[in-house]
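Undergrad: For reference, the chains in residue letters:
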Amino acid sequence: MGLRSQVIDGIRELVSAEPVKEAVSNRVPEADLDDRDPDYLREQLPGLWVLASFYFRADVRGLERIPAEGPVLLVGNHSGGNVTPDTMVFTLAFAAHFGVERRLHPLVHNLVLALPLPWNLRKAGCVAASPENAALALQRNAAVLVYPGGDWEVHRPSWQEAKVDFAGRKGFVKTALENDAPIVPLVAIGGQETAVFLSRGERVARALQLDKLFRLKVLPISLSIPWGLNVGDMFGHWPLPAKITVEAMEPIRLRERFGEDPDVDEVYEHVTGVMQRKLDDLAADRRLPLVG
Amino acid sequence: MRVEERITIDAPREEIWRYVSEPERYSEFMVGSTWSHVPGEPSSGPRARFEISIDVGSIDLGGVIEVVEWDPPHELAWTSITGIDQRGRWILRDRAGYTDVTIRLSYQVPGGFLALIASQLGKPLIQRDVRRSLEALGEAVARAPVAEEIR
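Protein chains in written order, with the working numbering: chain V, 9 to 300; chain H, 476 to 626.
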């Protein structure tokens, strides 16, 4: 047995140990929409505004295209590793534009909710990503923010920045249909410049069975501050000050556009298609990395 | 936090009042903001309500405001109903055919130390747009045909 196999076996044994599994699963909070606290959110806005305006020089466009009332599924492309400035920037812009009274529930990975972060994600409206939680929020006329590409897309190599990659995950289409919610595509660029993302490390993740244990398809490798070579990005990183641009597109009302019984594959292709074209435009407008 | 700017416009006060008394027209000259009437509410005078959106840095601040003081052609003031806490006031003073136009905005950013920093960093951005808005108002008034009943 080679050294590499021994190391992989060792790590696999470590992460599949019952105490680790229990520790992780116990820290995943159940979705309770009433955890969201508008006052907490309001008090976070100034700090987020400073970060967004002066560090990321954020440019958020098209908020007026998002329905001001009623359920809506915001479908975004995801960037920035485990530190996702596009989400932060959009959450701020949404709350500032509509007021903290308009419910926004970002769906986030279980593991992220379990991490001890300086922000209270649940008070900010985040709920564990699942079709059931999305339905709950939509039934309360909320805007639900979903990143179908999730961990797969967020850790794509930096040179694939201008690529929408949902890895064929079509659950968002079913969620929109089942809850009769319009889809608003949300296209962002810049997040993949906040570190040098080298590889998703998907083969290593598979070998370690991270998918079965933690719903993780990747074990990403990047160059980032302060770690240098960063494997896993489990503790996040300090993002480089890349300019973040986010644009909300026109709502897509699925049954109006695709008929009473839309084909999920067709909708998926349409949504990812319009998002890719918009991302191509945003990438073409970008002159320099980081600077934007 | 308070921002106040003043400009003197070569026009009678009543003519300028035509602009400041119609918040729906603010989008024409208030730089970085849009104002639209809230359906079902008065569109002019006291208790008129408007949806506003003001660009500040990377975001636009939305909310609903209500006109709470209405003293034509001297003063008009509004206060926020939703969105960030803010108040605004137009003051028009007659200066022998000219008019001193003052706009005053006060706002309160929620939160602690970061709110203070955000307020300080945001103030020059707001001040710049307010100054440009007054200049745009002056230009709009200068371009407008003089109304018979005013001259």
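No lab work stands behind these hints, which were simulated from the structure alone.
Glycine included, each C-beta is placed from N, C-alpha and C at the ideal position.
It cannot be assumed that every hint is accurate.
[Said to hold, decoys possible] Calculated lysine to any residue pairs in the SDA-like style (CA-CA distance at most 20 Å, straight line):
hint : chain 1 : residue 1 : chain 2 : residue 2
1    : H       : Lys598    : V       : Tyr63
2    : V       : Lys131    : H       : Leu589
3    : V       : Lys131    : H       : Gly587
4    : V       : Lys251    : H       : Leu596
5    : V       : Lys171    : V       : Ser207
6    : V       : Lys220    : V       : Pro139
7    : H       : Lys598    : V       : Glu51
8    : V       : Lys182    : V       : Leu121
9    : V       : Lys286    : V       : Glu51
10   : V       : Lys251    : H       : Arg568
11   : V       : Lys225    : V       : Tyr63
[Unchecked claim] Derived list of chain V stretches under chain H, where covered just means 3 residues or more per stretch with a C-beta under 8 Å from a C-beta of chain H:
hint : segment
12   : 51-58
13   : 65-71
14   : 235-244
15   : 274-285
Undergrad: Give a verdict on every hint.
TA: Results for each hint:
| no. | hint | verdict |
| --- | --- | --- |
| 1 | Lys598(H) with Tyr63(V) | holds, 17 Å |
| 2 | Lys131(V) with Leu589(H) | holds, 18 Å |
| 3 | Lys131(V) with Gly587(H) | holds, 18 Å |
| 4 | Lys251(V) with Leu596(H) | holds, 18 Å |
| 5 | Lys171(V) with Ser207(V) | holds, 15 Å |
| 6 | Lys220(V) with Pro139(V) | holds, 19 Å |
| 7 | Lys598(H) with Glu51(V) | holds, 18 Å |
| 8 | Lys182(V) with Leu121(V) | violated, 24 Å |
| 9 | Lys286(V) with Glu51(V) | violated, 33 Å |
| 10 | Lys251(V) with Arg568(H) | violated, 44 Å |
| 11 | Lys225(V) with Tyr63(V) | violated, 31 Å |
| 12 | 51-58 | holds (count 7) |
| 13 | 65-71 | holds (count 5) |
| 14 | 235-244 | violated (count 0) |
| 15 | 274-285 | violated (count 0) |
Checked against the numbered hints listed earlier, the structure breaks hints 8, 9, 10, 11, 14, 15; every other hint is satisfied.
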